[in-house]
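> Counting from 1, one number per residue, gives the positions in the sequence shown under our numbering.
Read the hints as simulated data drawn from the structure, not as lab findings.
Wrong hints could be hidden among the right ones.
[Stated by the list, open to error] No farther apart than 27 angstroms at their CA atoms in a straight line, the calculated lysine-lysine pairs in the DSSO-like style are these:
#  : residue 1 : residue 2
1  : Lys223    : Lys199
2  : Lys199    : Lys212
3  : Lys176    : Lys81
4  : Lys223    : Lys176
5  : Lys3      : Lys101
6  : Lys18     : Lys101
7  : Lys66     : Lys3
8  : Lys176    : Lys146
9  : Lys18     : Lys81
10 : Lys18     : Lys66
11 : Lys18     : Lys68
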Amino acid sequence: MAKILFAERESEYFIQRKIIFEQAGYEVFHFSSEADMPDWEGVQDISGVVVNEQFTLDNPTDLIDKMKSQFAAPVMVFTEKTDEADHSFLLESGADDVITKTATPRLWQARLNALLRPAASKSSSLLTFGLLVIDARARLVTLNDKEIYLTSHEFELLWLLASNAGRVISREHVYKTIIDKPYQDDTRTVDVRISRLRKKLEDDSSQPGKIKTIWKQGYIFVKDAWR
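Take the sequences, apply the hints, and build the full model.
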């Protein structure tokens, strides 16, 4: 049974989420302050950490880094903010996923399942394109023998594109698969995430040659561009 650590000061809200997670088959542990964190050092095989953005007044980057270093697990941040820019900031700060605090129980469960779902369950766990190696089992990406750090969503996005190398993947399909929400054709969420992924993979954003944009169709991962 996967183990989840839940960082939340409000005990009533934690209890509500705990019921959702336990129904999904997770074992849930709770800590209500940073002072409690050392008490969890003995908990083994933590699968994920769920933390309230307001759990601390410190820089969110510091909080996320601290959670990851202590528990070596993906971190999902929940927040009362609904603006896309605020969610993007938390993702840029190192969060593997961000969810609105008022999200429905169904969405909470789906997003947590997606966060913790092992990519190795896919048909192949290793993809190699010249100097680019994508290891789904270890969730590790290397380019020219250098490790590239990707967030959980960035890894899933790369895997989606790379496992369909040479095929055009529509923005709608990317949005529904990675964002896990009904598609909104006026949003730039997918474009922003593609842009960040290109930057990390050293693809020229002004003239991308590795992950190309196909006008009015979507994106294509160029399998011969990684030499």
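> Determine for every hint whether it applies to the structure shown.
Taking the hints in turn, this is what the structure says about them:
no.: 1; hint: Lys223 / Lys199; result: holds, 17 angstroms
no.: 2; hint: Lys199 / Lys212; result: holds, 13 angstroms
no.: 3; hint: Lys176 / Lys81; result: holds, 21 angstroms
no.: 4; hint: Lys223 / Lys176; result: holds, 23 angstroms
no.: 5; hint: Lys3 / Lys101; result: holds, 21 angstroms
no.: 6; hint: Lys18 / Lys101; result: holds, 14 angstroms
no.: 7; hint: Lys66 / Lys3; result: holds, 18 angstroms
no.: 8; hint: Lys176 / Lys146; result: violated, 31 angstroms
no.: 9; hint: Lys18 / Lys81; result: holds, 21 angstroms
no.: 10; hint: Lys18 / Lys66; result: holds, 23 angstroms
no.: 11; hint: Lys18 / Lys68; result: holds, 21 angstroms
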